[in-house]
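Undergrad: Protein chains in written order, with this note's numbering: chain A, 1 to 265; chain B, 266 to 460.
To be clear, the hints were calculated from the coordinates, so they are not data collected in a lab. Mixed in with the good hints, there may be bad ones.
Claimed, not checked - Estimated spans, in silico, between C-beta atoms of each pair:
| # | chain 1 | residue 1 | chain 2 | residue 2 | range |
| --- | --- | --- | --- | --- | --- |
| 1 | A | K19 | B | P435 | 37 to 45 angstroms |
| 2 | B | K438 | A | G231 | 35 to 43 angstroms |
| 3 | B | V456 | A | L248 | 54 to 62 angstroms |
Cβ atoms here follow ideal geometry from the backbone N, Cα and C, with glycine treated the same way.
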Amino acid sequence: MMEKMIFGRFMPGDSFVHKLDPRSKLLFVFAFIIIVFLANNPVTYAALFVFTLLVIFVSRIKLYFLINGLKPVIILMAFTFLLHIFFTKEGELLYHWKFISIYEEGLKQGIFISIRFLVLVFMTSILTLTTSPISITDGLEVLLNPFKKLKLPVHELALMMSISLRFIPTLMDETDKIMKAQMARGSDLSTGPIKERVKAVVPLLVPLFVSAFKRAEDLATAMEVRGYRGGEGRTRYRQLKWDSKDTLAILLLVAMTALLITLRS
Amino acid sequence: MTTSTVNSKSKLRTVDLVYCALFATLMMIGANITSFAPFMVVGGVPITLQAFFAILAGLVLGSRLGALSITVYMLIGLAGAPVFARFGGGFSQILSPTFGFVVAFILVAFIVGKIVENNRSKKMYITAAIIGVIVSYLIGTNWMYAAYMLWFSAPEAFTYKMAWLWMIPPLPKDLILAVFAGVFGHRIQKVLKVR
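Throw the hints in and build the complete structure from the sequences for me.
TA: Spelled out as structure tokens, the structure:
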């Protein structure tokens with residue numbers, strides 16, 4: 001459980017995709033989300049699907065993890081599929097039974113939209129399955145750099161993200177401890193009307209907030225004592241390296257975009 | 266507690282950075298409170314305290330820091346940390362129609378913080394919290410509708426009204442929690458003395 005909390009959905013490995021620079025992966029996925037909308041006929045959707053399968057194959061991620069990522073949206077997908085099938089009344093009539101009638105266009109749309117969503121979910125899942133949250137943070141910091149001009153505190157955001165990631169397991173532990181401590185003192189948390197139960201979170205939240213803020217102050221003092229003075233002139237422990245693999249990945253995506261533009265109708 | 270950094274208005278103090286970071290982590294606890302405190306399941310439906318914590322972020326940290334801390338929460342969630350409701354996380358969450366609520370919380374924290382900046386009465390805290398919930402519903406539901414249109418090219422049968430009907434059931438619960446957040450925020454703010 002704790003292990004899962006630290007790494008999130010990240011699955012360590014040493015495939016081609018794992019070894020890519022987080023910056024190229026982020027750019028790749030952002031661009032992919034956009035080019036998905038270029039597809040508008042069977043050939044382009046097939047191309048997208050095959051492309052995604054290839055990426056999955058290269059990343060050597062077990063299909064199980066990808067399917068797992070689908071779980072929260074599967075109902076939504078099915079719902080939309082049915083909406084398209086039953087409510088699009090264009091093209092040839094394929095099937096008719098009492099009040100149910102399925103038209104060609106509806107079926108086509110339903111399948112297209114399902115494929116679109118499937119490739120989007122798979123591609124975005126691959127990003128977080130092959131990249132640890134901390135390297136995504138590093139990648140984001142560099143990619144967002146231009147926004148510094150708009151007064152977005154990019155360095156600070158990245159630092160906050162790292163600190164926050166670091167404190168997830170700690171605060172979870174803390175919550176668990178406070179919970180048990182209050183139960184040991186005899187606070188009854190599991191019965192009574194809703195109002196009483198909502199009130200029962202107070203003895204849980206007050207100590208949680210106080211201890212979290214105490215921790216924050218300690219950490220801030222520790223950082224300043226060690227000479228933290230903001231992003232200016234700070235050197236990095238984890239270095240990002242852009243090499244030929246990353247250029248290759250971006251070129252592949254450019255090729256895919258060109259292919260989609262030529263094949264779309 | 267005082268830190269030695271220059272306390273100018275534009276620059277974030279180190280301690281502010283850390284407050285934001287920890288509040289983002291607290292959001293994660295709030296989103297998944299049921300797995301720590303089983304009593305928060307009411308009538309089979311797990312209650313998430315995300316809106317509650319987003320409002321608190323605004324009340325306790327103020328508009329700017331509050332909004333920043335929720336931004337951090339959103340970003341670490343997208344980066345793959347399991348911080349969203351039901352320990353969800355990962356970049357694919359951006360496709361989820363309910364992702365709009367996470368985005369809305371940034372604005373909620375900001376607005377709530379702005380409202381109480383000048384008037385720190387308990388009444389104002391509660392008013393701010395209720396406005397916060399309404400803002401989160403306005404943005405969240407519109408986003409849901411837009412996302413559904415974009416990702417799924419939803420057919421005509423899916424109307425704007427349907428989106429609202431989908432979203433209305435949890436509203437009373439969130440309004441009650443908002444009042445609670447106002448009262449709680451007013452109380453905890455004195456204990457924490459962030460500002």
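Undergrad: All the hints need checking, so say for each whether the structure fits it.
TA: Against the structure, the hints:
{"no.": "1", "hint": "K19(A) / P435(B): 37 to 45 angstroms", "verdict": "holds, 44 angstroms"}
{"no.": "2", "hint": "K438(B) / G231(A): 35 to 43 angstroms", "verdict": "holds, 41 angstroms"}
{"no.": "3", "hint": "V456(B) / L248(A): 54 to 62 angstroms", "verdict": "holds, 55 angstroms"}
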